[in-house]
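Q: Residue numbers (our numbering), protein chains in the order written: chain A, -5 to 378; chain B, 151 to 510.
One thing to keep in mind: the hints can contain errors.
[Unchecked claim] Straight-line C-alpha distance at most 30 Å; calculated BS3-like pairs for lysine-lysine: (1) B:Lys176 <-> B:Lys246; (2) B:Lys176 <-> B:Lys288; (3) B:Lys258 <-> B:Lys337; (4) A:Lys299 <-> A:Lys146; (5) B:Lys214 <-> A:Lys224; (6) A:Lys299 <-> B:Lys258; (7) B:Lys192 <-> B:Lys176; (8) B:Lys246 <-> B:Lys214; (9) B:Lys394 <-> A:Lys108.
Keep in mind that the hints were calculated from the coordinates and are not lab data.
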Amino acid sequence: MSSEEMGGAVTGVEPTDMEATPKADTTAASEEIRQELVAELDGLIRRLRAITPDYEPPRYSRHRFVAMVEESLQKLPRNVQLDVLDRLRTAFNEQWFDPDTWKGVWYMVNYTVKYNADLVQRRFTGEYDTDEWGVDWEFLDVARPFFTFLYKVYWRVRATGIEHIPIQGRTLLVANHSGQLPWDGTMIATAVMSDHAAQRLVRTLYSDWVPRVPFISAWMVRIGQTLATKDNGVRLLEQDELVAVFPEGHKGIGKLYRDRYQLARFDQGDFVQMALEAQAPIIPVSVVGAEETYVTLAKSATGAKMAGTPYFPISLTFPWLGLLGLVPLPTRWYIDFGEPIVLDGYGPDAAQNLVLVSQLSDQVRNTIQEMIHGRLAQRPSVFF
Amino acid sequence: MSEHTTILVTGVTGTWGVRVAARLCKAGGLHVIGLDREPPEKDIEGLDFVQADVRNPLLVELLKAERVDTVCHLEFAETAQPSEAAFDLNVMGTTKVLGACAEAGVRKAVLRSSTAVYGARPSNAAFLTEEHALRGSKRSGTIRDLLEIETFCDGFRQRSPHLMLTTLRFASIVGPTVDTPMTRFLKAPWAPSLLGFDPRMQVIHEDDVVEALAQAILRDVPGPVNVAAEDVLPLNKIRGLASKPPIAVLHLLAYWSQNLLASTPRWGSDASPFEPDYLRYPWVADLRRMREELSFVPHYTAEDTLHEFAEWQHAAPFQVGPFSTARDEERLRDQIEQRQRDRSQEAVTGPSAEDGGDHE
């Protein structure tokens, strides 16, 4: 990452359209661009100084600059190295920059390298912050670009009704579950993280199979997810968090292709009890598009037993292509956040009223099913 | 509590008995009897020592004769492997002590347990309350014995409602001078964590253990209470803070080698201080009762505890104090402020009645 940014910082100052510009009128145009660049760099440096007041870069000298370029270049592939050097040389030859600009670049690049080295070192010395649920903001920052890529580019998610989620305060999102792997949870979280006004962190509750899986279990905790138990849900809601649940559980996510978009049974209505106990509104969420990411033809009980998983899908690609078969198809997704269902009318004791709980559970289930059917009717195609 | 309040501490030569007894003697205004098979190495000022085994049937007579109000039962032998001798001392010892307490009309008994009795399971909630089922591992001697004791206590509470029974379930104890599974894990560079698992964990500073026990003796809180530092840290962070090298193995390998070691008793004690499950799944306790009913706030956060532990680790080879000047200064400043506060409070209320004015 550091080398990339470093390359970016250096090659970024070298505009490619420069070569296209005729030499004759470079003076005025290049002076203008130069001024802009200087101003931009100054701005960036001011911002960084404000964030880290005690950071002091090494003193600037041409030799040190070259040494650092060399050091950073070694991290890049050979052909990229040559390209960067070539570009740097043209930039120098053009006499584009005065020493001040180079000092600015020096500062930026040093900062980037130092910051990334610090980040890695701090991971090993334990100097990072987590909350009591284990959320690790630095890890989240590192993971976010990947999910944003899936959200914006791969599945081109269209999210509507995101304004129904309040800026703050406890809220329970209830969504349909689909797609064999829990991508739907990550996309709901990414939708709120990138499109909601307060960019809230969604605390998704996962099944008790997740803690058994190496890496996934640790990562899930770090990005703010936790085990689906009533205690966890109520505690999170009482801390005024935004919680997401998938009441269908394994029955929903492991659905066959022919059963797509038919909601499975909702478990016990635990999620309604959570919402009633914590007096939190429920927002129904429908996810359309995730069902087609894997075309699951059958489920294998033997496979599940052998792999130790709750279900074992046989899809068009899995297990025939091995792990490659787990790459989801790039369908077009729609995530719709419905009107909040407010439960203020009932007292906290209502959580014990099982008739009421199952009624509310059915109501939420029907709402989500209607939202899904509505979206399916409008959807032009699975992929576009 | 008055001068006539008599407190009996069992296991008074053990790690915790010695400190709790010293802490109670220092508090003043209490008659503290210490019980153990051997006299303590260093005299504790104000301690009334009685030499006897906790399983001695005459314990009832002692409790009656001394009109003991509270028994703090700290006689406990930690063992990695389940052992009959330890079981006899730990479990049979506890049943006998509690039986004697009930018969002698003792008002209250305080025990030390561990949050490991909840067990590390994938289905564990993120914060286990005291009501949670005890599903700890029966393969570790200490945890097995604690489970037996806790189960016995459950039944005992029903049968003898007159005896108030407090069990403090401590998280992993960490400190410069104690030897616990967690300190062993952090000290042994080879003891691996599990690849791809980073469970949230709790620790508690050794000084806070003593304070919490003292608090439980001085305050009446029936039932089990979880005690841990307030911050919950991922295992990797704990490892980092304690400067332990990041070594991890595949969890399947850890389970396999555990079985192998367990089948060869001679090596059993060399096994990793934690069973693989305890490094894989969360076993974090909820601290509401500690805060609200025991009104106990640990002095050290988990981060401070581990920083201090790491400093001692670094200092040990040179036989110099465990030193960070900054931390030491901070601590001294705290103490000075605390003393000033105490003095100003005393000036307002006058010497408090409970310590009889012979403080200092």
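Q: Against the structure shown, which of the earlier numbered hints fail to hold, in ascending order?
A: 2, 3, 4, 5 and 6
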